[in-house]
Amino acid sequence: MRMTGPLERVLGAFLADPAAPRYGYDLMKAARLPSGTLYPLLARLEHQKLVASAWETPQQEGQRPRKYYQLTGEGIRIARLELAQASARRPRASARAGRPAPGSLG
Amino acid sequence: MRGERQLLRLGEYLVRRACRQLPPDVREERYREWTAELPAILHDPQVRFAPWRAVRMLGYAADTLRGTAMTPGTAQGRISRLRATVDVPLQVACLVVVAVSVWAVVQAPGDALNYLRLVWGLLFVASVIRNRVRPAGRMTALLGTSAILAAWAVLLGGAALAPGNWVNYVLAALVLVPLVAYLPFAWWHRRRQARTGGHNAADR
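Protein chains in written order, with my numbering: chain A, 73 to 178; chain B, 9 to 212.
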């Protein structure tokens, strides 16, 4: 899995409460992603069997059912691993960026 | 909210257009899923200001259209990315053509060829804009064909004024190449749309 910023945010939103099923708009708000970025990501995760989806049962007459997404067991494991690796890479990258170039002042 | 039904209908229209670009086997499901979010966004209790909720709902619908158009793997996605690459130079070229044509008309108002150049420039601009809005429409094909024929007329006019200059003849022949290539593509594209469309809610 190639970790990108949007994917990291989606996985982070899922992992905030892995047991809770989330619908698209909810994930959009949590991950701060537009729908055109979020849904292709969800489709990819679902295709890789890291996310499972299910339709809700409408509570009221005439209400359109929404589709809920949830990380699978494998999805939770991989998401935690990938996010841990991403955060481990980040301090190294920021330390490299902060280190002065050889021969420069400071 | 006032005008809620019209707003929802507009949102549904955008989602339907987005779904048309998806493979037929997932189209109906995606349409149901995305349109189910529209009323939820429009009644989002976390957003107090009603016009802002409407903007968010339409933004959601419009962005699904952008997302499906740019999705890798679909023919539409490949075409959209290619179009996004050539769009900016094409738009700059359009503006240059129109500006030069207007300048030429001002310089020599009696020259009929300058007016023809201006018509060509305007048709070029109109076809590029129309192609961005509705690539598969009949009007798009008509404007594109008219722009190419106008360019052809301009070059033949130039050839009539300077019969010894072979460059005009070569350019006139080259201008016809995109038309000859475009017409079968447009025919195939319309047939494909007619074949895949009209089977479910997402296609209506």
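Derived from the structure by calculation, the hints contain no laboratory data.
Hints should not be assumed to be uniformly reliable.
So, partial list: chain A residues that the calculated Cβ filter (under 7 Å) puts toward chain B [said to hold, decoys possible]:
id	residue
1	ARG104
2	PRO106
3	TYR111
4	TYR140
Given the structure is predicted, the values throughout are model-derived calculations rather than measurements.
Backbone N, C-alpha and C define an ideal beta-carbon position, used for all residues, glycine too.
Hints, one by one, checked against the model:
{"no.": "1", "hint": "ARG104", "in the structure": "13 Å, violated"}
{"no.": "2", "hint": "PRO106", "in the structure": "4 Å, holds"}
{"no.": "3", "hint": "TYR111", "in the structure": "6 Å, holds"}
{"no.": "4", "hint": "TYR140", "in the structure": "10 Å, violated"}
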